[in-house]
Amino acid sequence: MSMTSGDLITERRLTIPTGIPTGILFAIVGYFAGVWLGNLFGLFDDQNTGVILGYLFGTAAFLIGLGFLNYPLARVLGWPVDALGEAYESRGLGRYFRLSLDHKVIGIQYLVTILTMLFFGGVGAMMIRTALLSPDPTIVPPGQYVALIGLHSVMMIFITSAVIVGPFGNYLVPLMIGSRRMAFPRLEALSFWLVPPAAVILAAATFWGGFPTGWTGYPPLSEQASQGMDSYVVGFILIGLALVTSGVNMLATIITLRAPGMTWSRLPIFVWGIFCTSALGMLAAPVLAAALIMLGMDRTLNTPFYLASNGGSNYLWQNLFWFFGHPEVYIFILPAFGIVMEIIPHFARKPLWGYRIGVVGLFGVALLSWFVWQHHLFVSGIAPVLRPFYMLSTELISVPTGFIFLVALGTLWRARVWMTVPMLFCLGFLFNFVIGGISGVYLSDVPTDVTLHGSYFSMAHFHYTIMGGEIFAFAAAIYYWLPKMTGKMLNQTVGKIHFWWMFIAFNSTFFPLFIAGILDMPRRVSAYDPSLVFLNRWVSISAYFLFGSMILFAANIIYAWFFQPVRAVSNPWAARSLEWQLPTPVPAHNFERVPVILAGSYDYGMPNAKPVADLRGLVGATGGS
Amino acid sequence: MATRTANPSRPHVIRVLIPWIILTVAGWIAVSFIHFPFDLSVQGQDQARTLLIMTYLATPVFMGVVVMLVYSGIVFRRRPGEQLVDGLPVTGNTRIQATWIVVSLILVLSLAVLGITTLISSQAAQAIGAAGRAIGGEGETGAAIKETGSELQVQVIAQQWYFTYRFPDYGGVETTHLELPAGVPVEFHVTSLDIIHSWWAYQLGVKADANPGVDNQFHMTPRTTGSFTVRCAELCGIWHGEMADTTGQVVSQGDFNTWIAQQQSYFAEIQKALPSYGPYYFPAPLTKGS
Amino acid sequence: MGARLAWVTGGVIVIVIAIVAFFGYFALQRPGPLKGPATDIHLEVVAAVGSALEWPRPNDPHPDWVGYLPTTVLRVPANSTINMTIDQEDSATGLRNPFWARVQGTTTGSMHVKYFDDKGNPQEGDMTSIDPTQAAHTFAIPDLGVFVPLLGVNANAPANSMNVITFSFHTPGKGVYHWQCFVPCGAKTVFGNGGPMQTYGYMAGQLIVE
Chain A
10 MSMTSGDLIT
20 ERRLTIPTGI
30 PTGILFAIVG
40 YFAGVWLGNL
50 FGLFDDQNTG
60 VILGYLFGTA
70 AFLIGLGFLN
80 YPLARVLGWP
90 VDALGEAYES
100 RGLGRYFRLS
110 LDHKVIGIQY
120 LVTILTMLFF
130 GGVGAMMIRT
140 ALLSPDPTIV
150 PPGQYVALIG
160 LHSVMMIFIT
170 SAVIVGPFGN
180 YLVPLMIGSR
190 RMAFPRLEAL
200 SFWLVPPAAV
210 ILAAATFWGG
220 FPTGWTGYPP
230 LSEQASQGMD
240 SYVVGFILIG
250 LALVTSGVNM
260 LATIITLRAP
270 GMTWSRLPIF
280 VWGIFCTSAL
290 GMLAAPVLAA
300 ALIMLGMDRT
310 LNTPFYLASN
320 GGSNYLWQNL
330 FWFFGHPEVY
340 IFILPAFGIV
350 MEIIPHFARK
360 PLWGYRIGVV
370 GLFGVALLSW
380 FVWQHHLFVS
390 GIAPVLRPFY
400 MLSTELISVP
410 TGFIFLVALG
420 TLWRARVWMT
430 VPMLFCLGFL
440 FNFVIGGISG
450 VYLSDVPTDV
460 TLHGSYFSMA
470 HFHYTIMGGE
480 IFAFAAAIYY
490 WLPKMTGKML
500 NQTVGKIHFW
510 WMFIAFNSTF
520 FPLFIAGILD
530 MPRRVSAYDP
540 SLVFLNRWVS
550 ISAYFLFGSM
560 ILFAANIIYA
570 WFFQPVRAVS
580 NPWAARSLEW
590 QLPTPVPAHN
600 FERVPVILAG
610 SYDYGMPNAK
620 PVADLRGLVG
630 ATGGS
Chain B
20 MATRTANPSR
30 PHVIRVLIPW
40 IILTVAGWIA
50 VSFIHFPFDL
60 SVQGQDQART
70 LLIMTYLATP
80 VFMGVVVMLV
90 YSGIVFRRRP
100 GEQLVDGLPV
110 TGNTRIQATW
120 IVVSLILVLS
130 LAVLGITTLI
140 SSQAAQAIGA
150 AGRAIGGEGE
160 TGAAIKETGS
170 ELQVQVIAQQ
180 WYFTYRFPDY
190 GGVETTHLEL
200 PAGVPVEFHV
210 TSLDIIHSWW
220 AYQLGVKADA
230 NPGVDNQFHM
240 TPRTTGSFTV
250 RCAELCGIWH
260 GEMADTTGQV
270 VSQGDFNTWI
280 AQQQSYFAEI
290 QKALPSYGPY
300 YFPAPLTKGS
Chain C
2 MGARLAWVTG
12 GVIVIVIAIV
22 AFFGYFALQR
32 PGPLKGPATD
42 IHLEVVAAVG
52 SALEWPRPND
62 PHPDWVGYLP
72 TTVLRVPANS
82 TINMTIDQED
92 SATGLRNPFW
102 ARVQGTTTGS
112 MHVKYFDDKG
122 NPQEGDMTSI
132 DPTQAAHTFA
142 IPDLGVFVPL
152 LGVNANAPAN
162 SMNVITFSFH
172 TPGKGVYHWQ
182 CFVPCGAKTV
192 FGNGGPMQTY
202 GYMAGQLIVE
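Residue numbers (the numbering used here), protein chains in the order written: chain A, 10 to 634; chain B, 20 to 309; chain C, 2 to 211.
Hints may be right or wrong, so weigh each one.
[Claimed, not checked] So, partial list: chain B residues that the calculated Cβ filter (under 7 angstroms) puts toward chain A:
hint: 1; residue: Val84
hint: 2; residue: Arg97
hint: 3; residue: Gln102
hint: 4; residue: Val104
hint: 5; residue: Leu107
hint: 6; residue: Pro108
hint: 7; residue: Ser217
hint: 8; residue: Gly224
hint: 9; residue: Leu305
[As the list claims (entries may be wrong)] Far from chain A, some chain C residues (derived; all Cβ distances over 10 angstroms):
hint: 10; residue: Pro38
hint: 11; residue: Thr86
hint: 12; residue: Asn155
[As the list claims (entries may be wrong)] Footprint (simulated), chain A over chain B, 3 or more residues, beta carbon under 8 angstroms:
hint: 13; segment: 36-44
hint: 14; segment: 73-83
hint: 15; segment: 189-201
hint: 16; segment: 206-215
Worth flagging that the hints you see were computed from the coordinates, not collected in a lab. Since this is a predicted model, take the numbers as computed values, not measurements. Don't be surprised by glycine CBs; every beta carbon is placed ideally from N, CA and C.
Sequences and hints are given; from them, build the entire structure.
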């Protein structure tokens, strides 16, 4: 708090300068130490033990080099510490390139990292579509094709787990609930700094030829795979850890740090979305981690958890994986629901129609998502008596999902719609998601699932929900909130071109894949029936256009952010919600004083509506952290 | 609040309803032209019928959302140059919300009832020994294969990267391709020698995962003669896409007898080396390092 | 401002080029050398590529892997008879499914094998099937119905000796067909089907009919 204690820290701090260069150096040393140790004690001479330990040691060393141990070490050694550290206070561009505990810095770090990874996954998708220009695997050899499937899918799963919670959840939740900080800033920073190592580890799989399993990692194939599979094991464990740390932090923040007057019924609906997704992530990821640790043990210690021939069962993996995996897909989509329901009222200039039913919808989806996972196993040979239950529970999810549509359509009804770019993306989301949702019902029904399971139909279905849903919501959020986060307004005309380009290209890419699935094309194949050549070439060319629209998106972001000199006004959308009442750029501790919330965020057109908050705060409250 | 908003809404409601009805009917007409090609078997026919019913049900839902989106986006939009004003301060309508919940529940439950009755009736038909209509596999039994007598037993053996077939009724002969007699119920026993595959006979409407150490059963009755394609529907490594066989045939009983006799004589020599017929096999090597 | 723009532009360009080059390099590399179409194909199967007699391959990333040499991408003319000669230098591993010990799909329905008997004496003869446990590899083009088991070199055979297997098959019209081995010869992987069995250039290959 006072400058004198800060001086003390600089005198007694660790002599090693912590930061990204030290982190990378430590990571390299840690990796080779792990490889050496693993090769020393490994049961087999196939280096799997070494590679897994190398990745784990390297990640831990990276985090230490970054400075994660400074604070606990100082506490252990009895040195005086500043609770939130100088990292919190530092301004300037450098703060984005070191361990920061400021949720706004972490949000920006997340955003840039996610966009880079998105480009990586997108290039992977383009390679896949290029390979499928030919019905035979001649453009890309089949081994690399299967590895590309794995790289693209797992990288995209890494991204979509965090694409909204990472940048927007971290940046906006404290601003929206009137808090000066997050509940656990170190956990929050950890949840971000685990993502770049996970991405690097995943990309490192290519040095071993990649891994052949896609994102589902079904054993025994994943036990048969080369050392590239270890990237999947460790990378996914790190992402699971990120989900847990971020979930704990978000839940604690939303529960404990709401400003006075921010009652549960006034909570912005986006925060509710983050709340539900955090709860799901926190509870689901440990199951995945357990399954992955068993897979790692099968690969290194010769345990037979998943080997039927030695007393295990590959159903164990399928159940554990999908027990995580199905909540995981709602981890993707719940914050997107939140974004759509958050943005629509501000541009419809109407109160959110049916706020309560919207929240019930979010919770309903979150709750039901725990009871549906075996619909992924309808044809795998599960007990037939289980099928009706999972069919019913899966179909029931469409009821709370329908609430989201009810809220969105009700809010649009007789509104004064301001057709901005974020609004267009929200409408695009609703269009895509209704297709994604309906196709999901097709897959939940056992008789139709027998034919559609594992085909391009299911692949098109989840791209409609994740790409057409979550990524459209992500684009809406970027156009909507980037003026607050960076102080720069994105070009609206380019944004409109981007929307229509992306919307048409997206539907042109993925709708034909439903037909390909119905016409006997299994997922993840490098060779397909020559009769489907036209369909696949159409899809590939559409996919190139889709990629082009993403390039335009990136160019729009980069131009506005770095090249455009004009600063945006504080509240360009004339929105009521709390984050827009703050000045741009947002001050270091967000609020001078803890604000007092006086009214709901969506009270547009209400006679005698109060301003959303009194930013002067409670009389006498200084709002210390 | 409700009485105040009800009247001005009426022209909008009518203008939404009319295109919705027109588009739904047009959609239904379009759907009626769809023919799903996986109806070579009784089970495939059931699947195609269910898929068609669901498409009929989905059409009004999809059209409704689209019409609402387009209508709201065009009619309720703020014109260029218009001042930024707020819309109606309506925060909800219990009656509409309740109706929505009830309608969506009815839709969902009727779909579930449709699916479950199809499943139950097929299992009942199975129990009394009629031509099998069971959709989806019967699941892992683990026990020795029961002798049902009326059904042709076919074992599908998956391995990286080929499906072979064994016929216990014909001395356990193993073949590289599959031919089936028309009209005869078949009980498939799908298993794998190594990793997980999925046996997808597209035109027959059969998809069953091949797991090592598991006898995944599936019932199917081919309706008429015709050809079918077999593919692997579960990622199984480098040649997953090539694990396909387009030579499957449903033939008459006489042709089938000729074919199986040919196979028996052609493979008689290697027949002696095959392991005795069982629900599943664990050939070595079993683990890594061996 | 100018320095910042340069940094941003430079950073974006570097990242984009790095990612595109990464994928391009990974996805598009393929084994060589690729030859023109041939009707007489001569292959060598070795237990480890490093120990090859005829076609030693320098700088191989996996010299300890079993593999076909010199290449696994075979180019053949359409609608013609292909004469295959395979020098089989590996010892027996045994088939995962004994069924594949039957020769199928060759022009004569059999194959011609020069091998060594249990006493180490050279022998020669036509075979329609072999003892499944004595198979070292198979040469199989499933889409063409060609399945040829390759007899393993007898333990009593002289050092550095090999079995020579010759057979012929017909090619159909143009197309790309995969060929593979049905013996679990990817040692130290689960079910013996990893590593070389799933890596292009070792035991996995394509028959390109032109």
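Tested hints:
| no. | hint | in the structure |
| --- | --- | --- |
| 1 | Val84 | holds (4 angstroms) |
| 2 | Arg97 | holds (5 angstroms) |
| 3 | Gln102 | violated (9 angstroms) |
| 4 | Val104 | holds (6 angstroms) |
| 5 | Leu107 | holds (5 angstroms) |
| 6 | Pro108 | holds (4 angstroms) |
| 7 | Ser217 | holds (6 angstroms) |
| 8 | Gly224 | holds (6 angstroms) |
| 9 | Leu305 | holds (4 angstroms) |
| 10 | Pro38 | holds (15 angstroms) |
| 11 | Thr86 | holds (25 angstroms) |
| 12 | Asn155 | holds (28 angstroms) |
| 13 | 36-44 | violated (count 0) |
| 14 | 73-83 | holds (count 4) |
| 15 | 189-201 | violated (count 0) |
| 16 | 206-215 | holds (count 4) |
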